[in-house]
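Peer 1: The chain contents come next:
2 protein chains.
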Amino acid sequence: MSKEIERKFLVVNQSYKSIATSCDHIVQGYLSRNVDATVRVRLRNDKSFLTVKGRNHGIERDEWEYAIPLDDARSMLQRLVDGPVIDKQRYIVPYSGKVWEVDEFSSPDAGLVVAEVELSSVDEEFDIPPFIGEEVTGDPRYYNSMLGVKK
Amino acid sequence: MSKEIERKFLVVNQSYKSIATSCDHIVQGYLSRNVDATVRVRLRNDKSFLTVKGRNHGIERDEWEYAIPLDDARSMLQRLVDGPVIDKQRYIVPYSGKVWEVDEFSSPDAGLVVAEVELSSVDEEFDIPPFIGEEVTGDPRYYNSMLGVKK
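Sequence order for the protein chains is B and Y. Its first residue numbered 1, the first sequence is counted upward by one per residue in this note's numbering. Its first residue numbered 1, the second sequence is counted upward by one per residue in this note's numbering.
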């Protein structure tokens with residue numbers, strides 16, 4: 001188990017692109033959107049993963065991730081996924097000693113761009129890059145598991 | 001992915017015990033009871049597994065199973081499981097060329113005993129052992145994922 005401590009922000013310009021060190025194609029869906037135990041299937045380029053996450057406690061969350069065969073992940077995405085499949089590009093963006101992940105969604109919320117930074121403690125301080133806008137940490141509207149789900 | 005084709009029966013006497021070749025202690029719980037994508041965490045003696053199952057189609061069901069570290073499984077059972085944790089003894093019982101699994105539940109439905117046989121096709125014929133009673137294949141009351149869940 002790892003402990004995930006993350007803060008999430010909206011993105012206001014594309015300045016992350018010029019400093020990004022990589023860009024991955026991610027396709028993912030949810031076997032469970034239960035907030036107490038989210039279960040996600042993800043393709044990331046040519047790898048795939050099954051990930052279990054617990055409930056958010058503030059900005060902390062338990063996470064367990066397992067590599068699984070690509071064919072298994074594709075079958076689950078086709079056959080089992082509850083709700084929309086998410087398709088996004090993830091840019092890895094180093095900035096002032098931290099690594100940001102910037103997700104550009106093409107489905108279901110085409111045009112949405114969100115940035116996350118992983119912290120080592122809940123009160124860790126960090127510099128805000130110039131592409132960062134409003135903070136949306138803990139806002140369920142921006143949970144990947146809730147995107148495109150009918151309310 | 002494997003395809004699970006199983007028939008399930010109630011058990012009417014203990015004659016399975018004298019022909020059982022092994023008995024395992026199983027503790028399991030569910031991260032998702034969604035009938036379209038059940039996600040189960042199981043400890044089986046000193047091993048543990050994360051298992052995803054699709055919706056039943058008649059007596060067939062898709063299944064994907066991954067071995068996971070024991071500590072991960074224990075944490076998920078303690079922290080994430082939705083509803084009761086199931087505790088049972090599983091006897092492996094060969095009979096007339098087929099292998100039966102007989103589950104004696106100690107929690108949540110103490111005293112319930114159910115037997116399953118895995119088939120290679122939906123219309124495969126097989127001999128009925130003397131401990132077998134009423135067939136309950138497809139009856140949601142006997143889904144492990146539904147035991148002890150408030151209706």
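Since the hints were derived computationally from the structure, they do not count as laboratory data. Heads up, a few of these hints could be off.
Heads up, the list lumps identical chains together, so a pair's fine if it works in one copy or across two of them.
To be verified - In silico DMTMM-like links for lysine to aspartate or glutamate, alpha-carbon gap of 20 Å or less:
hint	residue 1	residue 2
1	Lys47	Glu65
2	Lys17	Glu125
3	Lys3	Asp71
4	Lys98	Asp82
5	Lys3	Asp72
Predicted, not measured: the structure shown is a model, and the values here were computed from it.
Peer 1: Taking the numbered hints from earlier one at a time, note which ones the structure violates and give those numbers from smallest to largest.
Peer 2: 2, 4
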